[in-house]
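Read top to bottom, the protein sequences are chains A and B. The numbering used here puts the last residue of the first sequence at 493; the count rises by one with no breaks. The numbering used here puts the last residue of the second sequence at 1297; the count rises by one with no breaks.
Honestly, the hints are just simulated from the structure, not real lab data. Please note: incorrect hints may appear among the correct ones.
Unchecked claim - Below, a sample of chain A positions facing chain B; criterion: calculated Cβ distance under 8 Å:
{"id": "1", "residue": "GLY67"}
{"id": "2", "residue": "TYR305"}
{"id": "3", "residue": "PHE310"}
{"id": "4", "residue": "ASN413"}
{"id": "5", "residue": "ILE417"}
Said to hold, decoys possible - Only pairs whose alpha carbons sit at most 20 Å apart, straight line, appear in this in silico SDA-like list of lysine to any residue:
{"id": "6", "chain 1": "B", "residue 1": "LYS1075", "chain 2": "A", "residue 2": "LYS375"}
{"id": "7", "chain 1": "A", "residue 1": "LYS104", "chain 2": "B", "residue 2": "GLN1275"}
{"id": "8", "chain 1": "A", "residue 1": "LYS375", "chain 2": "B", "residue 2": "GLN1275"}
To be verified - Quick list of the computed label-pair ranges, beta carbon to beta carbon:
{"id": "9", "chain 1": "A", "residue 1": "PHE405", "chain 2": "B", "residue 2": "GLN1281", "range": "51 to 57 Å"}
{"id": "10", "chain 1": "A", "residue 1": "CYS408", "chain 2": "B", "residue 2": "ALA1230", "range": "28 to 34 Å"}
{"id": "11", "chain 1": "B", "residue 1": "GLU1021", "chain 2": "A", "residue 2": "PRO171", "range": "21 to 27 Å"}
{"id": "12", "chain 1": "A", "residue 1": "GLN83", "chain 2": "B", "residue 2": "GLY1196", "range": "28 to 34 Å"}
{"id": "13", "chain 1": "A", "residue 1": "LYS468", "chain 2": "B", "residue 2": "ILE1197", "range": "52 to 58 Å"}
{"id": "14", "chain 1": "A", "residue 1": "GLN372", "chain 2": "B", "residue 2": "GLU1213", "range": "42 to 48 Å"}
{"id": "15", "chain 1": "B", "residue 1": "GLN1152", "chain 2": "A", "residue 2": "GLN69", "range": "42 to 48 Å"}
{"id": "16", "chain 1": "A", "residue 1": "GLU130", "chain 2": "B", "residue 2": "ALA1230", "range": "31 to 37 Å"}
{"id": "17", "chain 1": "B", "residue 1": "ASP1138", "chain 2": "A", "residue 2": "ARG196", "range": "54 to 60 Å"}
{"id": "18", "chain 1": "B", "residue 1": "GLU1280", "chain 2": "A", "residue 2": "ARG140", "range": "17 to 23 Å"}
{"id": "19", "chain 1": "B", "residue 1": "GLU1102", "chain 2": "A", "residue 2": "ASP294", "range": "21 to 27 Å"}
{"id": "20", "chain 1": "A", "residue 1": "GLU147", "chain 2": "B", "residue 2": "ALA1230", "range": "48 to 54 Å"}
{"id": "21", "chain 1": "A", "residue 1": "LEU312", "chain 2": "B", "residue 2": "ASP1138", "range": "25 to 31 Å"}
Note that the structure is predicted; figures quoted are calculated from it, not measured. Ideal Cβ positions, reconstructed from N, Cα and C, are used throughout, including at glycine.
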Amino acid sequence: MYFDDGNDANEEHKNYPFENEHSKGRQKKAISGSSYDRGRANISGTGLPDYLENNVIRFVYLLRSAGIQIGSSEVIDALHALQLIPLTNKEYFKATLKATLIKKASDQELFARYFVLFFASPETRKEFQEARREKLIEHRARMEEAEKVLSFRGERMDLSETDKIVYAYMPAKEQKRLQDFLAMNESRETLEQDYRPFLETIVKGRLGFWHKQLGREIEEELNQPDVGDEGLNAIRDAAAGAGRGGSNILTEDMQNIARKDLPRATAIIRKMTRLLVYRISRRYRYSKNRRKLDLRSTIRCSIQYGGTPFLLKYKSRRRKKPQLLLLCDVSGSMIRYTNFVLQFIYGLNTVVKRIESFVFSEGLERITPYFQQGKNFDSTIESIIKESKQWGGGTSLDRAIKSLFNSCAEELNRNTIVIIVSDTRTVRHRNAIKEVQRLRDEVKEIIWLNTLPQGDWDKYSSVQAFQKIAAMFPCNTLTDLEQVLGRKLFFDG
Amino acid sequence: MHLTLKDLRKGFENVGYICDEETILTVYLSLVLEKPILIEGPPGVGKTEMGKVLSQIFDTELIRLQCYEGLDENKALYEWNYQKQLLKIQINRDNAETNELENDLFSPEYLLERPLLKAIQSPRKVVLLVDEIDKSDDEFEAFLFELLSDFQVSVPELGTIRANHIPIVVLTSNSERELSDGLKRRCIFLYLDFPGIEREVEIIRAKVPQAGENLTKEIAKAVNLIRQNAEIRKKPSIAETLDWTRALVSLNKDRLQSSTIELTLNLLLKNRADQRVFHEQIGAKALRENSRAGISR
């Protein structure tokens, strides 16, 4: 097998763009004890120059650290493929890595971003490293300051690393307030013995509040995995910087998605809705009930008895597609998620014909007919919001389910899957639990998409109670919604 | 196989499949590395066409396996010809040796080849198109693993059958469900999206050369504009663009006109909801104006 790219234009690409320090004879710093070593061990003998192999593996390591799944066999494929292309052509090089390493369309954007940064010119990479160094120095200084300040009578307070990071990134005014508070208490002369833990609790409470307030701003500081290689860390920092500015809507709490990102979020929600429906509504092939004689299998089996149909084989009837019933909470506490809920309802209704949709807050309203008019999103939603009385009310799930039983009991059977979109916060939650249990007994399954961030679930007793009855999945970010698709949603009972 | 990128590019040109360099390179890699190519993308961008085109380029047979919910090994790989086996049993009821009969019954003569086995046993390299793999069940996908990684299948009565020639395998998916990592790992991945205006102009020129230059450009722009509307659920495919072009050519049109757009819209948008969105949000007149912008009279 030989290669001839047949493209005369390649002469223009003689400036080999991927050389770096490794190609100049300097040794790569080992990333010991990591999957880097294992990956390296697997690919000897590809015939590519060592520095190129190193670069590709470091690049893969970087992509993995960014959450893209790449197996060793894919790395080997990539290295084999690279032998078949002219390495002087950057576009070919990029396309080859993309085709062999990236197997999800949604990862392509991330790949492109990292590719540009990783295979940047040495000068640019130096800039990244410089920026990283400065950032680390600043971070260290802030943390030292935090440790110094967050102490009481010369002793460090018992605070977590997260608390310290929150303090370090709080607004200066708030830092000052906390300092003043501590200084004031320090100067008090008579203090009970257990005053110190009490003070720590207050400080932790304050920092916890600011943790929530700062949200995404410090997320990066808190969840910064050390890739183990300063060069890669620098690129990760640069990539995080490039990704800032709202482009990472997948991990954003859906209530915070900016208006300008809405069309993209909408497109993603629709796509995921389609996938979700497809997963839920797949028929299950065989049932255990014997119904109809399967002539073909019977004849096949009869061959071992000389053609006598000694054992009868039965064909099982294909199970019907489940009936979907959607219950969406549109009460006051959910109002910030309205956009998501609406897109979700609309998305589900446009992909599945047999779906009953309801919205609820203090009462229950059937909104299925609005979708049967074939109108577009805006006019459908406009008429629902205009005519419905449920928007922004209090939540009374028990009442909603009771009216569901009253108005459409015939829809609730063992073939029905109920999807509830709600944050579980309801009045009379004991009654609600009873009603949800009653609903669970009637239907095949309840899938609960909870808009509360999963980290907060244990703070709400309602979440824990409903979790025992329904299959509950977090649905706070688009990534959550995507992950719901990757799970086994219900058991075929 | 001595294949060069230049040959492949020329092959695509000869059969009139217009695509970008990245697509050609990705296909080239899959051919040379003898790995299946998994093509994802919205409906109507030419995924299935890729299989057909490759069979034309290599002048070989196209074996197609259309996937659907419930597809199993019996329909995809092989089945015994029961009727023929039964007849044989009846004929030889009194006079044949049991062992001989048994060996005879489970010989290739009684085997019904389904697409996968056919592709593997073919005396020459063929193109195996596994279409809409996302519609099949997880179990079937797992079963494909063995075939796609080792190009061999096991038939209990006959043993392992190895491919005479590793087929060119094209898998297509509309991303209706996420495919398993195992399957993806075994493939070279290509995401095909709708072509840009320039590429679509080239496609129309190649497929419907009778269309005038102005009409070609206007159609490409118009279709691109319609596809950009997020509310339109079923975006016009490349085939629909070509149908529309042919329809306009047969109506002797050399430019887009609002009235013609109105009359022929059902060739592009094939459901009522999408047509309503078109009328409410785009409109024939605006489409004509926008697609004519920048094109000389």
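Comparing the hints with the structure gives:
no.: 1; hint: GLY67; verdict: violated, 14 Å
no.: 2; hint: TYR305; verdict: violated, 10 Å
no.: 3; hint: PHE310; verdict: violated, 13 Å
no.: 4; hint: ASN413; verdict: violated, 23 Å
no.: 5; hint: ILE417; verdict: violated, 17 Å
no.: 6; hint: B:LYS1075 to A:LYS375; verdict: violated, 41 Å
no.: 7; hint: A:LYS104 to B:GLN1275; verdict: violated, 32 Å
no.: 8; hint: A:LYS375 to B:GLN1275; verdict: holds, 11 Å
no.: 9; hint: A:PHE405 to B:GLN1281: 51 to 57 Å; verdict: violated, 41 Å
no.: 10; hint: A:CYS408 to B:ALA1230: 28 to 34 Å; verdict: holds, 33 Å
no.: 11; hint: B:GLU1021 to A:PRO171: 21 to 27 Å; verdict: violated, 51 Å
no.: 12; hint: A:GLN83 to B:GLY1196: 28 to 34 Å; verdict: holds, 31 Å
no.: 13; hint: A:LYS468 to B:ILE1197: 52 to 58 Å; verdict: holds, 56 Å
no.: 14; hint: A:GLN372 to B:GLU1213: 42 to 48 Å; verdict: holds, 45 Å
no.: 15; hint: B:GLN1152 to A:GLN69: 42 to 48 Å; verdict: violated, 27 Å
no.: 16; hint: A:GLU130 to B:ALA1230: 31 to 37 Å; verdict: violated, 42 Å
no.: 17; hint: B:ASP1138 to A:ARG196: 54 to 60 Å; verdict: holds, 58 Å
no.: 18; hint: B:GLU1280 to A:ARG140: 17 to 23 Å; verdict: violated, 58 Å
no.: 19; hint: B:GLU1102 to A:ASP294: 21 to 27 Å; verdict: holds, 24 Å
no.: 20; hint: A:GLU147 to B:ALA1230: 48 to 54 Å; verdict: holds, 51 Å
no.: 21; hint: A:LEU312 to B:ASP1138: 25 to 31 Å; verdict: holds, 30 Å
Checked against the numbered hints above, the structure breaks hints 1, 2, 3, 4, 5, 6, 7, 9, 11, 15, 16 and 18 and satisfies the rest.
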